[in-house]
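Given these sequences and hints, build the entire structure.
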Amino acid sequence: MIAVLAVASLLAGSATASQLSYSLPNTFPNLAKCASENLQYSCENTTVVTDSCCSIVQGGLVLQTQFWSTYTGLEKEGQLLPKGSWTIHGLWPDNCDGQYDVAPSPNKTDNGTVIPPYKGPSIDNFIKQYGRYELLEYMETYWINQGAPNWEFWGHEFSKHATCTSTFDVACYEPYKEHMDLINFFDAVIRAYKRYPTYDILASAGIVPSNKTTYPLAAIQNAVKAQVGAVPYFGCTNNGTVLSEVWYYHHVLGTEQYGTFKNLDTDYNSTCSTTAGIHYYERTSHSERVPHASALATCSITLLSFTMSDDEYGGGGGGGDYDYDQGCDYASIYQDFDERADDRKALARRHSCDEGFDAFNPDGEAAGEGGEEGGVAHPNGDAEMANGEDVGAGDASAVGAGLQGERQANKVRITTPYLTKYERARILGTRALQISMNAPVLVPLDGETDALQIAIKELSQRKIPLIIRRYLPDGSFEDWSVSELISD
Numbered sequence: 382m383i384a385v386l387a388v389a390s391l392l393a394g395s396a397t398a399s400q401l402s403y404s405l406p407n408t409f410p411n412l413a414k415c416a417s418e419n420l421q422y423s424c425e426n427t428t429v430v431t432d433s434c435c436s437i438v439q440g441g442l443v444l445q446t447q448f449w450s451t452y453t454g455l456e457k458e459g460q461l462l463p464k465g466s467w468t469i470h471g472l473w474p475d476n477c478d479g480q481y482d483v484a485p486s487p488n489k490t491d492n493g494t495v496i497p498p499y500k501g502p503s504i505d506n507f508i509k510q511y512g513r514y515e516l517l518e519y520m521e522t523y524w525i526n527q528g529a530p531n532w533e534f535w536g537h538e539f540s541k542h543a544t545c546t547s548t549f550d551v552a553c554y555e556p557y558k559e560h561m562d563l564i565n566f567f568d569a570v571i572r573a574y575k576r577y578p579t580y581d582i583l584a585s586a587g588i589v590p591s592n593k594t595t596y597p598l599a600a601i602q603n604a605v606k607a608q609v610g611a612v613p614y615f616g617c618t619n620n621g622t623v624l625s626e627v628w629y630y631h632h633v634l635g636t637e638q639y640g641t642f643k644n645l646d647t648d649y650n651s652t653c654s655t656t657a658g659i660h661y662y663e664r665t666s667h668s669e670r671v672p673h674a675s676a677l678a679t680c681s682i683t684l685l686s687f688t689m690s691d692d693e694y695g696g697g698g699g700g701g702d703y704d705y706d707q708g709c710d711y712a713s714i715y716q717d718f719d720e721r722a723d724d725r726k727a728l729a730r731r732h733s734c735d736e737g738f739d740a741f742n743p744d745g746e747a748a749g750e751g752g753e754e755g756g757v758a759h760p761n762g763d764a765e766m767a768n769g770e771d772v773g774a775g776d777a778s779a780v781g782a783g784l785q786g787e788r789q790a791n792k793v794r795i796t797t798p799y800l801t802k803y804e805r806a807r808i809l810g811t812r813a814l815q816i817s818m819n820a821p822v823l824v825p826l827d828g829e830t831d832a833l834q835i836a837i838k839e840l841s842q843r844k845i846p847l848i849i850r851r852y853l854p855d856g857s858f859e860d861w862s863v864s865e866l867i868s869d
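Mapped onto my numbering, the consecutive letters of the sequence shown carry residue numbers 382 to 869.
Hints in this document: simulated from the structure, not taken from any laboratory. There may be inaccurate statements among the hints.
Below 27 Å or equal to it, Euclidean Cα-Cα: the simulated BS3-like pairs (lysine-lysine) are [claimed, not checked]:
| # | residue 1 | residue 2 |
| --- | --- | --- |
| 1 | Lys606 | Lys643 |
| 2 | Lys457 | Lys509 |
| 3 | Lys509 | Lys464 |
| 4 | Lys464 | Lys593 |
| 5 | Lys606 | Lys464 |
| 6 | Lys414 | Lys593 |
In structure tokens form, the structure reads like this:
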């Protein structure tokens with residue numbers, strides 16, 4: 382925390398921080414202009430929003446939604462649920478009155494023309510193209526579909542919800558590079574999800590999965606309100622007796638990606654019974670796996686002479702740590718240090734909310750939403766995945782035991798030879814930590830004004846080995862020197 386606060390001060394004095402020339406494409410919108418905006422909470426603004434990239438202008442009631450499912454139906458293929466955690470459903474933009482514009486259909490344009498199903502490659506390829514292996518692993522761990530591959534569910538959520546939120550418009554990312562908005566949306570979904578470790582919140586009140594015990598709805602609601610200060614919506618199936626989902630409500634100050642979330646009580650009546658006991662069923666045999674260590678601490682970096690861990694996407698419900706904004710979510714501080722993509726003009730909005738372009742939906746609706754019998758309907762058309770029966774539970778065990786500690790040879794490195802925003806943040810944070818510990822270093826700046834380059838010079842002057850260790854999804858790692866990572 383000291384390092385982060387010190388870095389904020391360090392960056393404040395850098396006038397040219399946004400002029401880095403590294404070639405790794407970023408996934409941040411261009412928010413420099415937002416610094417001068419008078420931000421107001423969505424649905425509470427008293428003046429007209431002048432820039433839809435800086436504040437939400439449509440769908441200002443934002444819902445972070447989660448599932449409690451007992452099986453996936455693809456256990457034999459290794460698609461398992463994370464032990465000790467609810468799973469991600471999505472991040473939904475509702476209108477301020479709690480309603481949702483259901484027209485046009487997600488698979489038709491305004492004039493009724495049917496949009497052909499997406500037949501392209503799995504969208505996890507787009508995540509890999511940006512070198513975001515830690516993001517992909519986290520999504521494969523905590524964002525789980527039912528009866529269909531996970532990526533179909535992710536694509537459905539993007540094309541249905543991100544495309545109806547102004548701060549994800551491609552015009553906000555100028556210069557835009559293909560799929561920047563997709564990756565940025567996935568990051569935003571996870572950031573919001575990490576605020577609510579629902580499993581741990583309920584467990585702290587003695588509410589745990591059981592095939593025998595039932596719980597009053599009021600006890601479930603009160604357990605969450607005690608931790609987050611507001612009552613979310615709880616959804617139930619089987620005539621309101623089987624707990625299946627939760628929706629957390631917010632107004633947002635700033636962008637949906639990086640803004641401040643204000644917790645609100647739900648405005649939607651629970652479908653859970655207020656008289657009968659609620660079943661919070663255990664998951665079926667062989668449907669769970671313990672999340673890999675790399676999924677809990679996937680930003681781990683060895684910098685200087687010791688190991689530091691970001692825990693970028695840790696805590697999706699398995700930790701008991703209620704510091705929701707933990708990890709290497711440096712977006713608000715290090716935005717200016719994200720390198721610019723190729724100089725391309727922003728493309729016309731492909732995934733228009735008005736056109737209802739369900740870009741990644743192979744067959745109309747992903748199995749995770751909409752149309753499941755017994756599902757809990759939401760005004761926006763989303764519904765709960767089928768749940769409550771021990772159907773389709775396979776015998777597969779957790780896959781990918783990992784190669785923890787195995788060195789990935791330099792000649793077969795698979796990560797990009799450029800500093801990522803997290804690695805740059807680590808260098809700056811380490812220098813800031815030295816400053817906070819009264820260990821300044823004075824070096825000739827030779828006209829250098831860039832904070833990152835100054836930090837590198839100062840750390841090098843102290844002869845601290847700037848080695849960055851990148852952990853890979855399989856548990857192996859690569860060691861890079863900063864000089865290698867900043868080479869053109």
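Here's how the hints hold up against the structure:
no.	hint	result
1	Lys606 to Lys643	holds (14 Å)
2	Lys457 to Lys509	holds (25 Å)
3	Lys509 to Lys464	holds (26 Å)
4	Lys464 to Lys593	holds (19 Å)
5	Lys606 to Lys464	holds (23 Å)
6	Lys414 to Lys593	violated (56 Å)
Checked against the numbered hints given earlier, this structure breaks only hint 6.
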